[in-house]
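Undergrad: Spelled out, the chains give:
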Amino acid sequence: MHEFSYEAPTSLAQAIALLKRHGEKARPFSGGTDILIQMRAGVRRPAHLVDLKQIKDLRQIKFDAKKGLRLGATVPCIEIYENAQMRKNYPGLTEAAHLIGSLQIQSRASVGGNLCNGSPAADTTPALIALGAKAKVAGGRGSRQVPVEDFVVSPGRTVLKAGELLVEFLIPAPKRHSSDAYLRFIPRNEMDIAVVGVGASLTLDGDVVKAARIALGAVGPTPIFAAKASESLVGKELDDAAIETAAQLASEASSPIDDMRGTAEFRRHIVSVLTRRTIKIAAERARKR
Amino acid sequence: MAVSKNHKKTSAPKKVKVETTINGEATEFLCEPRQSLLEVLRDVLEMTGSKEGCLTGDCGACTVLVDGRPVCSCLMLGVEAQDKNITSVEGLAVGAKLHPLQQKFLEDASLQCGVCTPGFLMSAKALLDKNPNPTEAEVRYALAGNLCRCTGYDKIVHAVLDVAQEGRR
Amino acid sequence: MAESTNGHYKVIGTRPIRHDGVDKVIGRAKYGADYAFPGMLFGKVLRSPHAHAIIRSINAEKALKLPGVKAVVTSADLPEAEDKTEQVGEAALNPRHLSMNILARGKALYDGHAVAAVAATSPHIAEEALRLIEVDYEVLPPVMTVEEAMKPGAEILLPNLRNKEEGDNPTNVAQHLQFKRGDLEAGFRAADFIVEREFHTAMVHQGYIEPHNAVGIWNADGQGTIYCSTQGPFEVRSLSAQVLGVPVGKIKVVPAEIGGGFGGKTTIYLEPLSLLLSRHTGRPVKLVMTRSEVLRASGPTSGSTIKIKAGCTRDGRITAAQCWLAYEAGAFPGSPVGAGAMTILAPYAIENLLVDGYDVVVNRPKTAAYRAPGATNAAFAIETVIDELAEKCGIDPLDFRVMNGSKEGTAQLIGPPYRRIGYIETVEAIKNSPHYKSPLTGPNRGRGVATGFWFNAGMQSSAVVNIHSDGTASVVTGSPDIGGSRASMAMITAEVLGLPITDVRPLVTDTDSIGQCDVTGGSRVTFATGTAVYEAAQDAARQLRERAARVWEKKPEDVELRDGMLHAKDASVAPMSIKQLAGRLARTGGPVSGRASVNARGVGPAFAATCVDIEIDPDTGKIQILRCTVAQDAGKAIHPSYVEGQLQGGTAQGLGWALNEEYVYDTEGHLRNTGFLDYRIPTCLDLPMIETIVVEVPNPGHPLGVRGVGEVSIVPPPAAVANAIYRATGIRMTELPMSPPRVLKAILKHGRGQEVQSAAAR
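Chains as they are written, first to last, in our numbering: chain H, 91 to 379; chain P, 7 to 175; chain R, 98 to 859.
The shape of chain H in the complex, shown without the other chains (with noise of 0.2 Å):
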């Protein structure tokens, strides 16, 4: 690896102060699990690592049944699935947390990361678009709120401009008959990268849905809210037909390609097959609610 200085602020205000010093040639991160691997790779050479995981702003986890959730960027995904209340209100996105590499990764990778990081199979980040939720953005003039699903532009860029920072995750309060799900398709049980990942949420009034949100992750260059697939279900009784329509609309808003993990044609039938069951089990667990 090459050299480089290594920092670890303890404020925010420090944090940000640092960013904007070093420009281009800082990179902030907490796990470390996609940076520390880019830079041996000789794929990330930042003169200076700015270490986020003393900042204790970032590393919270606030819940309130009306306000919602406020998600620190840097909280472990382990945490995460640890902590009861994610687990009951936030199913989906727990999970994605959950699917993350290995319980080894899930110690150390934060959802804020996983986003940063600007992969478009992210598991986590179709997750959270699904939930509406928005990235709270310091540094800057002040503070900004993105949508995550407008927050990674290319492949490994998102909308942080230098001496900015990825502070939190703001997620509304599930409502009553409301819930997510997420599933992603790997070749084996774990430790893969998702080569197709959705995120459903719903929110259900008796049959019909009133809300819906479906995203799909490692089919396009970046994150993808399925505009068109989460409008068609929304008025609609949720029976195979309305499922159906919804999993073929998913397909089409997906613009994969070729790889070594999938050809564009296997995971554009995925992201139906996906659609399908993540809306099913979203919906069933909507109805518990």
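Worth flagging that the hints you see were computed from the coordinates, not collected in a lab.
C-beta: ideal position from N, C-alpha, C; glycine also.
Be aware that one or more of the hints could be misleading.
Listed below are several chain R residues computed to face chain P (Cβ distance under 7 Å; list not exhaustive) [as the list claims (entries may be wrong)]:
#1 388
#2 492
#3 738
#4 784
With a cut-off of at most 30 Å between alpha-carbon atoms, the simulated DSSO-like pairs for lysine-lysine come out as follows [as the list claims (entries may be wrong)]:
#5 528(R) <-> 115(H)
#6 146(H) <-> 23(P)
#7 103(P) <-> 143(H)
#8 115(H) <-> 103(P)
#9 528(R) <-> 504(R)
#10 226(H) <-> 156(H)
#11 326(H) <-> 251(H)
#12 318(H) <-> 504(R)
For chain H, the structure is supplied; the task is to place chains P and R on it using the hints.
TA: Below, chains P and R alone, put in the same frame as chain H:
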């Protein structure tokens, strides 16, 4: 090709002093920021029990416990060990008394070449510390981040289940 | 679990804790990368980013100026080697090709081919130095498949390569071999059913968790020592000496503990580089491959194209078989197509056959051995064809195999007929297993069976058994322990001498300290090194009897050794324990040390049979292994737990080969999946428990009846999985791996979709 002659004096890469606890003992070391915790354990502290298999967090051979949680030490910097509590395979046995997992791995023939064994022991310990009564599926999930190419995992899973069962008696 | 009965043995057949076990579970055992020496430097290798290129020049000036860099070497620092084929032990070797694989000379022949090596004061500095070495390449078109390589007018990899049939024409076909017997045409005419299929298997890697490593120390007196994780310290010595152009006796190889090999660590990559860099710097130099280097630049096994045409009568007798095999050799000749050709029909007694095999060079890393090299590819093809023939006849697939199975007296492809073998018993063990007898119910499920063969090897081994002054013993060999074999060596010694297993300590030592021991591989250690150990222990026993005779003033033939006690046959004196005699050795003539060297004959080939239940998700093509049982003939299981371990490990590798493992190259010949993320070996969550049945049909060629067990279990699983897929979906898969995209494509093409029928196995 010509062996390089002596160079002008340039400063060696800067090292950071880290204070941490490893296997229950207060430990101090110097390392470059670019040295992973795995490199620190193996090359600086000469604790070669944790192994390097992939450097990408895919094989688990470097697994250690950090504050009780299993972590791939190849994806953690040595400097991040500051003020942490680290347990490696060298810290499992108490003096000459093997940890039950170590003993069971021997009895059940759960290792062939043995290079993945330290990592498996750490992951298994983390599992049983948290969940003393796992099902076979839970054991397999907890160990999914540790690759073994020799055993097909059968005897490893048996050993972990055996230890759990004996712990219940 | 094991069905072995212990018979009259006291130690053999039991399950003691292995002697090296404690060190391994506490992290004290030293593998190659664990070694450190004062003043040690770290080496890194610069590798070609091109699959096929002429190397015009290499400029290391900038690298040498980087603080901390002590030396840079290229092939210019190695002696020129002859371009010819020699026999070295069991293998054919071309010294020039061997040297060119260590450091490229003139041409880079695969993505990852070593071009230069650096030694520096830290591995990070060495890595940074690689970026500063400037290499001028002239990129050439890559040749990536056997089809491309065999086409007329194909780009030529090795300008001097010739084969007998093509005369003086440059070619990529290093060898064509052929085996014939009987009258193929007549055989097909006599057939009621004929099946003809073409198969493709992808290149796969042994996947050992420990990357290659070597620490080289070149002394000012011209003696070199290499510490490395290897399956063959004597091979490392002779091959490194060859590459470096020094006498074999100048190099000592100390085998470290080894983190997996499976055949991939029977050759050299870093070892001569470590000595070369040490010679240039005057300091020890350690090199360790990264996982990416292991995949790109060590020795995977061949991908292949195999065509089979086979016929049988309607009552299930195979009348003819024709096989065409083309295997990827990688950048230099030497694929295991010969073994593929010789194993493909080995389980069956067939009168009329024709087998053609082609060894083909392509721009991929030079292939190395992988557990029964060549046999798994071949079995994937033949065992699915056999399955099809059995189905056409309406005969149970295991019964079909028993009907046509090889037994004692069946002719082999070359060499004498089989002696006592256990094929039929192995197949019947599966037939009678709880697994096979249990029903398989539920949709999208299927059960498949397949069998496999491996020759096993004999070759040279040496052993020494030392009796210590307290009556304990040590047994010393040069066979690295990759799976628990040193425990078996101790057990054989303990059995012969009548000592408790805890009184015998096994050691694996270096190339100066013991006679020639050929590779740990070829399923040969328990067989051949075990034979040497057996004979060395017998030699020690003889010396002990002679010594007791001297003490008692009797003749040696009047003294017996039984259960660790020396007895006078006429019972005229009280018996004496080995312990008691050992305390008197110094005063009665000196140390007792038994020795033996063998070139082991009487190898017993091994057969395995595997049964696998799978469930397919018809919407995604993903396969789950529900249940798996493997039966294998071990002859005699010395340590049943470690025999079971070999069966389970080989089966797991075969299942990975079946499901998801493959090398993926882009169109320019760059390896895309260079890590364990995308080179997908099975995780703990991907496999069920693997049930083992150890069949014991004793090998008449070994004093204890041992057959090698290390390899053959990898051979049947891909075919077994393919046959299971057939029963679940009605689709015959002919390509490996049977990954979800391929299976789904076949399902959709077949038109089954969600109406995949449920298939009980029978």
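Undergrad: Would you mind marking each hint as holding or not holding in the structure?
TA: Checked hints:
{"no.": "1", "hint": "388", "verdict": "holds (4 Å)"}
{"no.": "2", "hint": "492", "verdict": "violated (31 Å)"}
{"no.": "3", "hint": "738", "verdict": "holds (4 Å)"}
{"no.": "4", "hint": "784", "verdict": "holds (6 Å)"}
{"no.": "5", "hint": "528(R) <-> 115(H)", "verdict": "violated (66 Å)"}
{"no.": "6", "hint": "146(H) <-> 23(P)", "verdict": "holds (23 Å)"}
{"no.": "7", "hint": "103(P) <-> 143(H)", "verdict": "violated (37 Å)"}
{"no.": "8", "hint": "115(H) <-> 103(P)", "verdict": "violated (50 Å)"}
{"no.": "9", "hint": "528(R) <-> 504(R)", "verdict": "holds (17 Å)"}
{"no.": "10", "hint": "226(H) <-> 156(H)", "verdict": "holds (19 Å)"}
{"no.": "11", "hint": "326(H) <-> 251(H)", "verdict": "violated (41 Å)"}
{"no.": "12", "hint": "318(H) <-> 504(R)", "verdict": "violated (66 Å)"}
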